[in-house]
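Student: Given these sequences and hints, build the entire structure.
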Amino acid sequence: MSKEFNPEKFKITKKEDVYSGPHSEIDSVTLSSGDHSLDLLRKKFNGYSIEFMQGPKWHTLLKKHGYPVFPTWRYDTENKVEYVTDLRKGGTHRVIDFCGHEENYKKVYISNIKELEMEVEKLLHKSVEDGLIINEPNIFFDVEISTGIAKVLLGDLRELGSGSENMDYTPSKKEIFTNNQYVLKEHMNRLKNVMTKEKL
21 MSKEFNPEKF KITKKEDVYS GPHSEIDSVT LSSGDHSLDL LRKKFNGYSI EFMQGPKWHT
81 LLKKHGYPVF PTWRYDTENK VEYVTDLRKG GTHRVIDFCG HEENYKKVYI SNIKELEMEV
141 EKLLHKSVED GLIINEPNIF FDVEISTGIA KVLLGDLREL GSGSENMDYT PSKKEIFTNN
201 QYVLKEHMNR LKNVMTKEKL
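Be aware that the sequence shown starts at 21, since it is given in this note's numbering, and climbs by one per residue.
Keep in mind that the hints were calculated from the coordinates and are not lab data.
Note that the coordinates shown come from a computational prediction; the quantities given were computed from them, not determined experimentally.
Just so you know, not all the hints are guaranteed correct.
Pairs of lysine to aspartate or glutamate residues, derived as EDC-like cross-links and limited to a Cα-Cα distance of at most 16 Å, are as follows [unchecked claim]:
id, residue 1, residue 2
1, Lys194, Glu139
2, Lys205, Glu139
3, Lys126, Asp162
4, Lys217, Glu137
5, Lys64, Asp37
6, Lys77, Glu179
7, Lys217, Glu164
8, Lys212, Asp117
9, Lys193, Glu123
10, Lys83, Asp150
Each pair of labels, with its calculated beta carbon distance range [unchecked claim]:
id, residue 1, residue 2, range
11, Ser192, Glu28, 45 to 55 Å
12, Lys171, Leu220, 18 to 28 Å
13, Lys84, Phe197, 20 to 30 Å
14, Met21, Arg108, 32 to 42 Å
Just so it is clear, CB atoms sit at the ideal spot from N, CA and C, and this is done for glycine as well.
Tutor: As structure tokens, this is what we get:
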């Protein structure tokens, strides 16, 4: 579940720049409370984001309903900063989100494509049953580099569930199915275009 983050309780013991864009900056930080430490990605929003609190709310709801989401999601409302699990796990995993970064389109070894397709199909049907609209930025793949085992995750959650701009309009299950199937299929096609069946 997402929780409010109290920066006074933690000290940053390690920091590495990951991404700097027009709307946000991301770095990898190790937070220490004295008793234990956590490796997290810290995302700082540039300017005011009216959608900031949508991410934590969606994370709590989706985790409660058994969706594949980041294990940890913390948020600092005052400073508009999110802290999420660094799925790269010190370089043993690769995270692919197909949101325009060159790194996302490098070849990657995938050993479980059939199982992954079944997981994506389950995600499709569950989302339709729950009336959840999935959008382009929401889909992430977590790949364990040594084994090639890939998992699908719901990552960037702020645009999740936003469909028609008409707030009084509720899309039908057929419309949600068509939308979600297209988004998930496109992501799987992109993954297949960069995947190899042999270790690099």
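Student: Would you mind marking each hint as holding or not holding in the structure?
Tutor: Now for the hints, and whether the structure bears them out:
For the hint linking lysine 194 to glutamate 139, the alpha-carbon distance of about 20 Å lies beyond 16 Å, and the restraint is violated. Between lysine 205 and glutamate 139, the direct Cα distance comes to roughly 12 Å. Compliance with the 16 Å bound is thereby established for this hinted pair. For the suggested pair lysine 126 and aspartate 162, the alpha carbons sit about 14 Å apart, so the restraint of at most 16 Å is met. For the suggested pair lysine 217 and glutamate 137, the alpha carbons sit about 15 Å apart, so the restraint of at most 16 Å is met.
Our distance criterion of 16 Å between C-alpha atoms is met by lysine 64 and aspartate 37, whose separation comes to about 12 Å. With a C-alpha separation of about 12 Å, the suggested pairing of lysine 77 with glutamate 179 holds against the 16 Å cut-off. Our distance criterion of 16 Å between C-alpha atoms is met by lysine 217 and glutamate 164, whose separation comes to about 14 Å. Distance restraint check for lysine 212 and aspartate 117: the Cα-Cα separation of roughly 13 Å lies within the 16 Å cut-off, and the hinted pair is therefore satisfied.
The hinted pair formed by lysine 193 and glutamate 123 fails the criterion: a straight-line CA distance of about 35 Å is larger than 16 Å. Between the alpha carbons of lysine 83 and aspartate 150 the distance comes to roughly 13 Å, so the proposed pair stays at or under 16 Å and holds. For serine 192 and glutamate 28, the Cβ-Cβ distance of about 48 Å falls inside the hinted range of 45 to 55 Å, so the restraint holds. Lysine 171 and leucine 220 have their C-beta atoms about 19 Å apart, which keeps the hinted 18 to 28 Å range intact.
Checked against the given bound of 20 to 30 Å, the beta carbons of lysine 84 and phenylalanine 197, roughly 23 Å apart, stay inside it. Taking the beta carbon of each, methionine 21 and arginine 108 are about 23 Å apart, not inside 32 to 42 Å as hinted.
Against the hints set out earlier in the document, violations occur for numbers 1, 9 and 14.
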